[in-house]
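S.K.: As they're listed, the protein sequences go chains C and A. With our numbering as the guide, the letters of the first sequence map in order to residues 2 to 260. With our numbering as the guide, the letters of the second sequence map in order to residues 2 to 260.
There could be a bad hint or two in this list.
One side only, chain C facing chain A, incomplete, derived with CB under 8 angstroms [unchecked claim]:
id, residue
1, Arg-194
2, Thr-197
3, Phe-220
4, Thr-229
5, Met-230
6, Pro-234
If you are wondering where the hints come from, they were derived from the structure by calculation, not from laboratory data. No residue lacks a Cβ here, since even glycine has one placed at the ideal position from N, Cα and C.
2 protein chains.
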Amino acid sequence: MDIVERTVEKGVVEERFDLKVDAEVVPGIRWSPEAADGPTATILVGHGGTQHKRVPNVLGLARTFVRHLGVTVLALDAPGHGDRVTDPAAAEKARARLQSRIAERKGAMELSAEEARAWTERTRAGVVEWRALVDDIEAGGRHDGRLGYWGVSMGTAIGLPFVAAEPRVNAAVLGLAGLNARPGAADFEAAARSLTLPVLFLFQWDDELMSRESGIALFDAIGSKEKTMHINPGGHVFLPQFERAGAVEFFRRHLVEPG
Amino acid sequence: MDIVERTVEKGVVEERFDLKVDAEVVPGIRWSPEAADGPTATILVGHGGTQHKRVPNVLGLARTFVRHLGVTVLALDAPGHGDRVTDPAAAEKARARLQSRIAERKGAMELSAEEARAWTERTRAGVVEWRALVDDIEAGGRHDGRLGYWGVSMGTAIGLPFVAAEPRVNAAVLGLAGLNARPGAADFEAAARSLTLPVLFLFQWDDELMSRESGIALFDAIGSKEKTMHINPGGHVFLPQFERAGAVEFFRRHLVEPG
């Protein structure tokens with residue numbers, strides 16, 4: 002990765018970097034403890050649909066993980082998101098459409114054939130990019146081998162296949178997702194069933210996009226012996242902030258102080 | 002309460018006490034921080050069926066709450082349990098029956114008419130005794146008014162009606178229970194719907210005594226705006242020990258450092 006900017010705030014170093022993956026330049030951010038004097042554990046954070054690598058929730062999570070766990074946190078702009086938006090008007094339209102979908106409680110987005118292809122391609126590319134990032138940090142000497150992943154909603158749509166395909170990930174927080182008739186649903190379910198790493202699965206009881214049954218079915222499908230589902234009232238974008246503390250405890254147990 | 006014995010271990014004072022409730026003497030234990038120099042918050046811990054006030058899980062929880070939250074913890078022997086067992090052979094028979102019920106995955110115990118009456122009476126008396134204990138600590142000068150309750154299985158069968166009837170309780174951990182055709186089921190469901198305090202609801206995904214549907218229905222029925230359900234794989238008696246840390250975080254948020 003090429004570091005393009007570096008700032009320090011309250012003990013947290015924040016570095017903007019570019020990662021080359023094939024012909025793409027993927028922009029990312031690394032947050033790390035200013036006090037670190039050697040390699041640390043790493044947590045990857047995948048943002049949600051229409052979001053980017055530095056939305057308030059990702060930034061808040063990153064700072065919380067760095068400060069409470071002493072780990073390094075990495076986030077990437079997902080394909081077609083953040084600095085990788087090539088058609089701002091289309092991105093704005095997608096955001097508005099998702100918001101109205103939530104407002105009207107219409108369930109998962111109905112996709113045209115073209116959108117379904119784009120969804121499948123985004124998932125494929127997203128997985129490739131996370132794996133390239135893990136290769137990069139393994140070569141960089143600052144990662145000690147303990148690796149976690151946090152991502153809900155689109156962060157699970159991409160992150161679940163990623164952690165299923167990536168034995169180097171030791172523990173994952175997933176959520177705001179379910180088993181339903183999305184493009185690649187059979188592959189997604191197979192990936193869930195193949196999981197063996199500890200999983201914390203977050204779900205919103207009044208999610209406008211995911212039915213309760215679909216969320217419970219996904220939790221049930223997850224193959225991991227160590228898995229916990231946290232259900233809270235409220236809609237898709239109202240995951241309670243205290244679930245950050247839950248994620249800290251989860252990563253402390255399985256990543257930072259296992260056993 | 003009358004203190005009948007006092008020991009100190011690793012900063013935790015443990016006091017056996019007797020509480021007079023009408024004609025009954027209810028034996029209890031108080032655990033408190035040795036370093037406390039004034040009133041503290043209090044957490045009541047209700048044990049499960051066939052257990053007593055000092056089974057390993059109650060003791061472990063009590064010491065965890067005292068050490069991590071600086072609170073005082075109180076436990077009572079439920080009616081007909083612990084030092085209040087009047088017919089040891091019958092108690093042993095009940096324990097064996099419950100264990101075989103779990104081993105055979107037979108669902109909630111089938112109760113005779115006499116057992117159903119005993120269940121209803123135990124719940125009624127248990128609620129009266131917890132309320133008497135709260136009156137007692139309010140008069141005692143060592144309780145600062147912040148009050149929590151932790152109890153699963155029979156600790157919810159008694160504890161849910163208790164916290165529903167007792168506005169002095171500020172936050173409750175409940176679980177290993179569901180909505181099903183037990184004696185007093187309609188009253189139990191009504192109590193659940195009337196709840197307004199923050200609730201953490203613990204459930205085991207492979208509970209031999211409670212169906213998944215009944216547990217989810219109970220979580221759904223709980224009227225509180227602030228409620229979270231934690232689901233873990235495993236049977237009725239295999240609630241993961243890490244849920245102690247979850248309860249600590251829950252009581253920290255709602256009892257010890259609210260807002």
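S.K.: Each of the hints needs a verdict: does it hold here or not?
M.R.: Now the hints, each set against the structure:
1. Arg-194: violated, 14 angstroms
2. Thr-197: violated, 13 angstroms
3. Phe-220: holds, 7 angstroms
4. Thr-229: holds, 5 angstroms
5. Met-230: With a closest approach of 4 angstroms, the Met-230 (chain C) hint holds.
6. Pro-234: holds, 6 angstroms
When each numbered hint is compared with the structure, violations occur for hints 1 and 2.
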